[in-house]
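2 protein chains.
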Amino acid sequence: MSNNDISIHPPTRWLFGPGPSQVHPRVYEAMRQPIVGHLDPYFFTVNEDIQQMLRRVFGTENKLTFAISGTGSGGMETAITNFVEPGAKVAVLASGYFADRMTDMAKRQGGDVVRFEKPWGGVFADAEAADFIRREKPRVVMYVHAETSSGAVQKGKAICAAAHEVGAIVITDVVTSLGAMPVQVDETGIDVAYSCTQKGLSCPPGLAPITLSPRAAERLNERASTNRSWYFDLKLLNDFYNVSHRYHHTVSITLFYALHEALTLIVEEGVENRWQRHQRAHAQFVTGIEALGLRMHVPDDVNRIVNLNTPCVPEGVDDAKVRTALVRDHGIEIAGGFGPLAGKVFRIGIMGPLATEEHVARLLEHFGSALQAAGLDRTPAAVTT
Amino acid sequence: MSNNDISIHPPTRWLFGPGPSQVHPRVYEAMRQPIVGHLDPYFFTVNEDIQQMLRRVFGTENKLTFAISGTGSGGMETAITNFVEPGAKVAVLASGYFADRMTDMAKRQGGDVVRFEKPWGGVFADAEAADFIRREKPRVVMYVHAETSSGAVQKGKAICAAAHEVGAIVITDVVTSLGAMPVQVDETGIDVAYSCTQKGLSCPPGLAPITLSPRAAERLNERASTNRSWYFDLKLLNDFYNVSHRYHHTVSITLFYALHEALTLIVEEGVENRWQRHQRAHAQFVTGIEALGLRMHVPDDVNRIVNLNTPCVPEGVDDAKVRTALVRDHGIEIAGGFGPLAGKVFRIGIMGPLATEEHVARLLEHFGSALQAAGLDRTPAAVTT
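Those protein sequences? They're chains A and B, same order as listed. With positions in the first sequence counted from 1, the corresponding number in our numbering is that position plus 110. With positions in the second sequence counted from 1, the corresponding number in our numbering is that position plus 110.
Keep in mind that the hints were calculated from the coordinates and are not lab data. These figures come from a predicted structure and were not determined experimentally. Any given hint could be a false lead.
Each computed DMTMM-like pair below joins lysine to aspartate or glutamate, with the alpha-carbon atoms no more than 25 Å apart [claimed, not checked]: (1) Lys217/B to Glu171/A; (2) Lys345/B to Asp343/A; (3) Lys217/A to Asp210/B; (4) Lys345/A to Asp349/B; (5) Lys217/A to Asp349/B; (6) Lys345/A to Glu171/A.
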């Protein structure tokens with residue numbers, strides 16, 4: 111059967127946006143396999159493998175590590191609805207859109223939110239983050255590891271240490287980083303980390319991997335009030351996935367097949383090898399755009415997300431024009447900034463099958479041409495290394 | 111590429127359980143199509159088509175008709191979290207597991223729930239349902255159209271009329287019926303109906319179609335408190351799907367492809383033709399099991415779900431033995447009863463590609479043999495018509 115026989119005829123796209131990222135043909139093949147029931151022993155085998163492989167990309171030995179039936183935002187809602195009880199004090203380190211979304215969700219759960227704010231792209235130094243947490247003594251601390259809205263990475267070790275000092279647990283958003291760069295849940299001391307499938311894991315969207323430390327599991331068991339969400343209730347979900355295997359909801363078996371195959375590809379390549387490949391692609395891209403005269407929004411390279419680049423839009427260039435030309439002429443999707451960074455940055459993801467020298471070179475070539483056509487006022491300089 | 115090259119090797123299954131149901135090859139082919147971004151114009155085209163086709167299977171002209179990024183249970187949580195405000199009185203007509211789940215979710219939202227209860231499989235007569243609603247004067251009325259746990263269908267016209275009399279809106283669970291039998295949202299007067307993809311629509315699980323009447327849309331706009339859920343907030347979702355197309359969450363484009371193809375198959379066959387085909391398959395099945403000496407749990411045939419049959423387990427037969435033999439010897443999945451119906455009924459879904467004379471005849475043959483091997487104490491009689 112070909113796509114002449116069906117109603118779906120998508121245009122060809124090179125997905126260099128912040129996600130979804132390009133999907134490997136083996137993952138598509140996995141999604142074509144016949145479904146089984148959500149209580150079929152085969153599903154639980156697939157689920158068990160996924161849990162094992164997720165532990166490797168998360169960098170954890172957490173028993174409670176599985177995939178939620180929702181997108182990355184569903185993962186965020188799962189973390190927050192389970193761990194932010196009404197009236198609980200929640201400290202948020204906020205310097206981008208996704209920290210704002212965490213704030214919104216925590217308030218909807220009745221959380222008493224206090225924020226330490228920086229402009230989008232800012233990162234929090236160890237001492238100032240720890241001071242904030244020690245001063246506020248919250249019950250929950252939240253931060254975003256890789257802020258897709260700004261391109262910045264936030265280190266977590268000092269945050270987690272300070273949080274544990276005051277008896278708080280830490281929720282970390284690793285939606286963009288998981289699979290493309292180290293997230294090191296155990297080494298960092300993170301208690302709850304959630305992600306998506308369509309960025310660093312290079313799988314179609316639809317599931318949200320999540321992991322809970324023993325400390326988080328204990329907090330979950332001690333929770334006094336009933337979770338306001340039934341769908342995202344981790345007690346019920348853990349019972350289904352890991353304990354009784356009794357029906358909770360009907361998981362999307364096709365998405366589990368896809369995630370299984372995407373994780374198998376990662377394990378075959380080697381988790382560390384994959385991180386290094388993404389690092390090389392990132393370095394090549396940054397060198398390339400600097401040669402075009404552009405600079406990165408996040409000044410210090412150790413604070414940059416490896417798989418999501420935010421070069422500044424050069425003076426005099428209309429970023430929408432660049433994006434439109436790339437998709438129209440080459441089927442290349444990149445994204446623009448939004449919120450305070452609207453019109454000020456591009457957001458360019460280089461992940462999964464596209465994180466290779468050849469693909470980055472091709473991207474740079476077309477990106478450079480599109481920038482010039484949109485008014486870039488200098489001739490690309492030769493790459494100086 | 112074949113499945114020799116990948117890690118997914120599911121067993122062959124004939125899905126005669128309560129769902130997921132068998133999936134057409136064209137739907138699998140659709141899921142193999144390359145993904146595009148969630149803000150790509152192609153996604154919104156697919157989404158627009160889906161909305162149109164969903165209106166036909168729902169039997170509605172409701173503008174607000176779309177698919178939620180979650181399973182059927184996510185659809186239930188969407189309906190309840192948006193329309194059950196803390197303190198609101200909620201009247202539930204309860205005679206099965208899914209009405210109990212609605213009750214649980216409504217309580218988690220802070221709803222003040224009152225219930226009219228009958229044993230599993232019971233249906234509510236027009237007058238008694240209307241009396242209950244007129245007496246309780248709730249803000250929200252909830253009932254299940256097709257109770258997957260019992261096999262019973264609940265008519266809704268009198269319920270909706272009484273609810274509207276007292277100023278309530280009506281939430282109806284059509285998870286099992288949508289696509290396999292008429293749900294007639296507009297004609298019945300339903301305000302909010304939600305469903306899943308993996309039963310009557312014969313698509314893999316993962317999305318939850320939902321539709322809102324103009325009365326429900328008005329109620330949504332008038333809502334005083336902020337929805338506790340961000341992920342399922344229908345105001346935000348409607349803005350993304352239908353108004354601004356601004357980013358809310360990253361929809362699972364692959365599941366949208368699948369739903370588009372599954373609905374296209376239904377529209378090609380004709381919605382009414384499909385309902386009739388399911389009705390014929392149901393009648394053939396009931397005649398067949400009665401010839402085996404079995405009787406249906408729901409006594410009156412007008413109260414039976416067409417695509418989910420609940421024959422009683424005959425005296426002296428171990429139902430688990432029957433189910434195990436069918437899956438082991440023939441790859442046929444059927445389900446047992448649970449809760450008060452555990453060990454008392456089988457739950458046998460006949461939907462989508464399997465709702466044909468040939469497939470039903472094959473099912474009956476193997477089901478009959480498995481029953482006899484498990485202790486059925488009479489020789490199947492000839493079919494008497």
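Here's how the hints hold up against the structure:
Between Lys217/B and Glu171/A the alpha-carbon distance is near 36 Å, which puts this suggested pair outside the 25 Å criterion. Among the hinted pairs, Lys345/B with Asp343/A is consistent with the structure: their alpha-carbon atoms are about 23 Å apart, no more than 25 Å. The straight-line distance between the Cα atoms of Lys217/A and Asp210/B is roughly 28 Å, outside the 25 Å bound, and the hint therefore fails. Restraint check for Lys345/A and Asp349/B: the C-alpha separation of about 32 Å exceeds 25 Å, so the hint is violated.
Straight-line distance between C-alpha atoms of Lys217/A and Asp349/B comes to about 21 Å, which keeps the hinted pair within the 25 Å bound. Restraint check: the Cα-Cα separation between Lys345/A and Glu171/A comes to about 19 Å, which is no more than 25 Å; the hinted pair holds.
Hints 1, 3, 4 from the list above are not met by this structure, while the remaining hints are.
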